[in-house]
Amino acid sequence: MSTDFYNEFIYPYAPIIIKLCRAYTNTQEDFEDYYQEACLQIWKSKERFRHESKWSTWIYRITLNVCLSFLKKKKNNVQHFASDALPMDVADQNQAFANESLNILYDAIRQLSEIDRAVILLYLEEKSYQEIADIIGTKPNNIGVRILRIKERLKKIFDGKVN
Numbered sequence: 001m002s003t004d005f006y007n008e009f010i011y012p013y014a015p016i017i018i019k020l021c022r023a024y025t026n027t028q029e030d031f032e033d034y035y036q037e038a039c040l041q042i043w044k045s046k047e048r049f050r051h052e053s054k055w056s057t058w059i060y061r062i063t064l065n066v067c068l069s070f071l072k073k074k075k076n077n078v079q080h081f082a083s084d085a086l087p088m089d090v091a092d093q094n095q096a097f098a099n100e101s102l103n104i105l106y107d108a109i110r111q112l113s114e115i116d117r118a119v120i121l122l123y124l125e126e127k128s129y130q131e132i133a134d135i136i137g138t139k140p141n142n143i144g145v146r147i148l149r150i151k152e153r154l155k156k157i158f159d160g161k162v163n
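The numbering of the sequence shown is this note's numbering, which starts it at 1 and goes up by one.
None of these hints come from the bench; they were simulated from the model.
Remember, it's a predicted structure, so these values are computed and weren't measured experimentally.
Glycine included, each C-beta is placed from N, C-alpha and C at the ideal position.
Certain hints may be false.
Stated by the list, open to error - Distance condition first, Cα-Cα at most 25 Å in a straight line; then the derived BS3-like pairs of lysine-lysine:
id: 1; residue 1: 151; residue 2: 127
id: 2; residue 1: 54; residue 2: 44
id: 3; residue 1: 156; residue 2: 19
id: 4; residue 1: 74; residue 2: 44
To be verified - Label-pair distances were calculated between CB atoms; the ranges are:
id: 5; residue 1: 124; residue 2: 55; range: 15 to 23 Å
id: 6; residue 1: 142; residue 2: 8; range: 33 to 41 Å
id: 7; residue 1: 65; residue 2: 107; range: 19 to 27 Å
id: 8; residue 1: 101; residue 2: 45; range: 28 to 36 Å
id: 9; residue 1: 47; residue 2: 27; range: 29 to 37 Å
id: 10; residue 1: 101; residue 2: 130; range: 26 to 34 Å
id: 11; residue 1: 155; residue 2: 45; range: 30 to 38 Å
id: 12; residue 1: 74; residue 2: 5; range: 26 to 34 Å
id: 13; residue 1: 50; residue 2: 111; range: 29 to 37 Å
With the hints as extra help, turn the sequences into a complete structure.
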């Protein structure tokens, strides 16, 4: 992957990749693996981007697929290689592990289903229902109902009524 590609097409979207990877991991090591694999897959798939959506939508979609693939591998006990540390500029941006409030939020989000995690993160990013539907691969009219149910579930988690 060239530095120019990274600086132009990945680095500006690093916060998106970080948030999604953080929601699907419990450790810094796993987070770094997910992040680097997402960057690699974005680079590998750049030629398939058809400009039918925004580049950020493409980034979300690829990163989500990477996260879900890694989760599936973990559930099947398939080992993957540990990657090197994050580039310093990205590591500096990643304050989620140091912020207790964010850790509590991510802990609650991790209690949601894999798809619901993505939906709520996209909603928190203020993506439109259409954008969320495009990324998730569903219809926009389902997103509003799903978000209401996710909010109710998170409220129960925060109130201590759900484990």
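Going down the list of hints, with the structure as the test:
Simply put, residue 151 and residue 127 have alpha-carbon atoms about 16 Å apart, close enough for the 25 Å limit, and the pair holds. Under the criterion of a C-alpha separation no larger than 25 Å, the hint pairing residue 54 with residue 44 is consistent with the structure, at around 18 Å. Using a Cα cut-off of 25 Å, the hinted pair residue 156 and residue 19 holds, with the two alpha carbons roughly 22 Å apart. A threshold of 25 Å between alpha carbons decides the hint, and for residue 74 with residue 44 the separation of about 23 Å falls inside it, so the pair holds.
Between residue 124 and residue 55, the C-beta spacing of about 20 Å keeps the proposed range 15 to 23 Å intact. About 34 Å separates the C-beta atoms of residue 142 and residue 8, a value consistent with the hinted range of 33 to 41 Å. In this structure the supplied range 19 to 27 Å holds for residue 65 paired with residue 107, their Cβ-Cβ distance being about 23 Å. Taking 28 to 36 Å as the suggested C-beta distance range, the pair residue 101 and residue 45 conforms, at roughly 34 Å.
Between residue 47 and residue 27 the beta carbons are some 33 Å apart, a value that agrees with the proposed interval 29 to 37 Å. Between residue 101 and residue 130 the beta carbons are some 30 Å apart, a value that agrees with the proposed interval 26 to 34 Å. A C-beta distance of roughly 37 Å is found between residue 155 and residue 45, which places it inside the suggested range of 30 to 38 Å. The given range of 26 to 34 Å is respected by residue 74 and residue 5, whose C-beta atoms sit roughly 29 Å from each other.
With their beta carbons about 35 Å apart, residue 50 and residue 111 fall inside the hinted range of 29 to 37 Å.
Of the hints listed earlier, there is not a single one the structure fails to meet.
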